[in-house]
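Student: Sequence:
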Amino acid sequence: MTHQKDRSSQPRIGRRHFLGGAAALGALPVLASGLLMPRDARGQEAKRGGHLKLGLKGGATSDALDPATYSASVLFVIGRLWGDTLIESDPKTGAPLPSLATSWTPSTDASIWTFKIRNDVRFHDGSKMTVADIVATLKRHADKNSQSGALGLMASIASIEEKAGDLVLTLSEGNADLPLLLTDYHLIIQPKGGVENPAAAVGTGPYILKSFEPGVRATFEKNPKDWRSDRGFVDSVEILVINDNTARVAALASGQVHFVNSIDPKTVPMLQRAPTVSIIRNAGKGFYCFLMHCDTAPFDNSDLRLALKYAIDRQSILDKVLAGYGTIGNDYPVNSNYPLAPTDIEQRPYDPDKAAFYFKKSGLDRPILLRTSDAAFPGAVDAAILFQQSARKSGITIDVKREPEDGYWTNVWNKQPFCASFWGGRPTQDSRYSTSYLSTAEWNDTHFKQPDFDKLVLQARSELDEAKRRVFYRQLALMVRDDGGLILPVFNDNIMASSKTLKGYVDDIGNDMSNGYVATRVWLDA
6 MTHQKDRSSQ PRIGRRHFLG GAAALGALPV LASGLLMPRD ARGQEAKRGG
56 HLKLGLKGGA TSDALDPATY SASVLFVIGR LWGDTLIESD PKTGAPLPSL
106 ATSWTPSTDA SIWTFKIRND VRFHDGSKMT VADIVATLKR HADKNSQSGA
156 LGLMASIASI EEKAGDLVLT LSEGNADLPL LLTDYHLIIQ PKGGVENPAA
206 AVGTGPYILK SFEPGVRATF EKNPKDWRSD RGFVDSVEIL VINDNTARVA
256 ALASGQVHFV NSIDPKTVPM LQRAPTVSII RNAGKGFYCF LMHCDTAPFD
306 NSDLRLALKY AIDRQSILDK VLAGYGTIGN DYPVNSNYPL APTDIEQRPY
356 DPDKAAFYFK KSGLDRPILL RTSDAAFPGA VDAAILFQQS ARKSGITIDV
406 KREPEDGYWT NVWNKQPFCA SFWGGRPTQD SRYSTSYLST AEWNDTHFKQ
456 PDFDKLVLQA RSELDEAKRR VFYRQLALMV RDDGGLILPV FNDNIMASSK
506 TLKGYVDDIG NDMSNGYVAT RVWLDA
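The sequence shown begins at 6 in this note's numbering and counts up one residue at a time.
To be clear, the hints were calculated from the coordinates, so they are not data collected in a lab.
In this text the structure is predicted, and so the values were computed from the model without any measurement.
Treat the hints with care, since some could be wrong.
[Claimed, not checked] Across the chosen pairs, the derived CB separations fall in these ranges:
(1) 476 / 397: 44 to 52 Å
(2) 168 / 219: 50 to 58 Å
(3) 150 / 476: 34 to 42 Å
(4) 354 / 164: 47 to 55 Å
(5) 398 / 352: 18 to 26 Å
(6) 397 / 249: 23 to 31 Å
(7) 302 / 445: 51 to 59 Å
[Said to hold, decoys possible] No more than 20 Å apart at the CA atoms, straight line, and that leaves these computed lysine to aspartate or glutamate pairs for EDC-like:
(8) 460 / 471
(9) 473 / 349
(10) 230 / 130
(11) 52 / 243
(12) 505 / 240
(13) 197 / 243
(14) 505 / 530
(15) 215 / 130
(16) 121 / 167
(17) 215 / 240
(18) 271 / 387
(19) 460 / 470
(20) 460 / 488
(21) 144 / 231
(22) 144 / 226
(23) 473 / 498
(24) 133 / 171
(25) 97 / 71
(26) 454 / 488
(27) 133 / 243
(28) 149 / 171
(29) 271 / 498
(30) 454 / 300
(31) 454 / 308
(32) 197 / 178
(33) 398 / 457
(34) 398 / 387
(35) 365 / 305
(36) 359 / 370
(37) 144 / 167
(38) 505 / 243
(39) 230 / 240
(40) 227 / 349
Where a beta carbon is used, it is the ideal one built from N, C-alpha and C, also for glycine.
Put together the whole structure using the sequences plus the hints.
Tutor: Rendered as structure tokens:
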């Protein structure tokens, strides 16, 4: 699993095929236990036992354990350790798989969904998980005052209720993608919905949280009453927050940790020479970007936004920051790893003359402040300086301010009007747009708010004809590309590294670090 894979040839489950198949069967079957049982390249069975140590970038002293607020890598992995969602996604195809929900049945128009729920699962505190817990959890994230990262995804759910022991979700419009939306990592099922103590980190996951020092360390022990047999091979897990790139690589090379994320492409050649280290690389849906707030001066000027989009040299960033480990972006947040992705939108070039034209048209005659930090993505500071240099050829002055890594995601991202950022993938185009581009989305980090866009998202969501839906998604991409505040120079490959004693890593199309499940899927062959 150390090479890039071409996802475009992998089979997809189409909207009509999914609806028809589910309706014909009446429900989706429970998968056989062990379907995802990992093996190494030689087919070696997983070994149990040992203490797994992860050195991860993406933690801060402001981190909190309420899953509604989770962002960045460390909390992403922490949530996968102690909690479960109703549904998971297939690592290879992205199709929905049973988890706490064993099966689901849509109405013919996909507006009402009935979920069968496991009745043999207990929370870490010993209480039995019930449908009432699930109802309360989903209602908490759907509350407009929740500030949940999943709020945009939940907006179309009109009612959440228990009927005859089943979970029934009624939507304001049909959505064949609903099961995949419920894989969102914020939607961890908690006792009584986590309403009274959302940061208790009590769930149904394969590991029990033992200690948590925000921005420093988290430790876990195996859940002895875990309901599954194909997860959680090690006895205990320790996450060390190591935001410094050099320190993280040194910790792996010296054997202090077994796995690290967010490898700077510049260090890959050095690590490839280390006899005890394996490089893990896969293409995905994530991207490195710069964000402008469309409702904040001077970025409320569409001509200025266009000027900056033409003023960035994408190829230079791909070559010099990512060392070629990625693909060129086009200022909309979808690539070929998403079903029904646009394929014929003209690539926006680096064009200093056009940038100069739109900058003059904008009427702005002063420098522009860009905030950045390597907390945003590996090489974000270098990328900002390259942006500064390429914009200078258009007569645009960008002042680059390097912000502290600790607290970047709480103090800068989604607060400052022009900054560097990173987004991981989402299960579907609908969830991608609903999470961060709907006017009502809590994480609308470009403050892109257009009623026509919101309406089109809803049309695409409820459209059952794939050809028509593809047209809608092309229109959405163009609206974000041409009028939004997203500057997306590159989609990044995910580059991680591990000790050669770590086995069973599962390449997952959903996101890096095996879609956050790395600690629950691997084992140690010490």
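Student: State for each hint whether it applies.
Tutor: Outcome of the hint check:
no.: 1; hint: 476 / 397: 44 to 52 Å; verdict: 39 Å, violated
no.: 2; hint: 168 / 219: 50 to 58 Å; verdict: 40 Å, violated
no.: 3; hint: 150 / 476: 34 to 42 Å; verdict: 36 Å, holds
no.: 4; hint: 354 / 164: 47 to 55 Å; verdict: 48 Å, holds
no.: 5; hint: 398 / 352: 18 to 26 Å; verdict: 19 Å, holds
no.: 6; hint: 397 / 249: 23 to 31 Å; verdict: 30 Å, holds
no.: 7; hint: 302 / 445: 51 to 59 Å; verdict: 23 Å, violated
no.: 8; hint: 460 / 471; verdict: 18 Å, holds
no.: 9; hint: 473 / 349; verdict: 16 Å, holds
no.: 10; hint: 230 / 130; verdict: 11 Å, holds
no.: 11; hint: 52 / 243; verdict: 18 Å, holds
no.: 12; hint: 505 / 240; verdict: 19 Å, holds
no.: 13; hint: 197 / 243; verdict: 28 Å, violated
no.: 14; hint: 505 / 530; verdict: 8 Å, holds
no.: 15; hint: 215 / 130; verdict: 13 Å, holds
no.: 16; hint: 121 / 167; verdict: 10 Å, holds
no.: 17; hint: 215 / 240; verdict: 13 Å, holds
no.: 18; hint: 271 / 387; verdict: 12 Å, holds
no.: 19; hint: 460 / 470; verdict: 17 Å, holds
no.: 20; hint: 460 / 488; verdict: 16 Å, holds
no.: 21; hint: 144 / 231; verdict: 25 Å, violated
no.: 22; hint: 144 / 226; verdict: 30 Å, violated
no.: 23; hint: 473 / 498; verdict: 30 Å, violated
no.: 24; hint: 133 / 171; verdict: 16 Å, holds
no.: 25; hint: 97 / 71; verdict: 29 Å, violated
no.: 26; hint: 454 / 488; verdict: 10 Å, holds
no.: 27; hint: 133 / 243; verdict: 27 Å, violated
no.: 28; hint: 149 / 171; verdict: 25 Å, violated
no.: 29; hint: 271 / 498; verdict: 13 Å, holds
no.: 30; hint: 454 / 300; verdict: 9 Å, holds
no.: 31; hint: 454 / 308; verdict: 17 Å, holds
no.: 32; hint: 197 / 178; verdict: 28 Å, violated
no.: 33; hint: 398 / 457; verdict: 35 Å, violated
no.: 34; hint: 398 / 387; verdict: 18 Å, holds
no.: 35; hint: 365 / 305; verdict: 15 Å, holds
no.: 36; hint: 359 / 370; verdict: 17 Å, holds
no.: 37; hint: 144 / 167; verdict: 12 Å, holds
no.: 38; hint: 505 / 243; verdict: 18 Å, holds
no.: 39; hint: 230 / 240; verdict: 13 Å, holds
no.: 40; hint: 227 / 349; verdict: 49 Å, violated
Taken one by one, the earlier hints fail for this structure at numbers 1, 2, 7, 13, 21, 22, 23, 25, 27, 28, 32, 33, 40, listed in ascending order.
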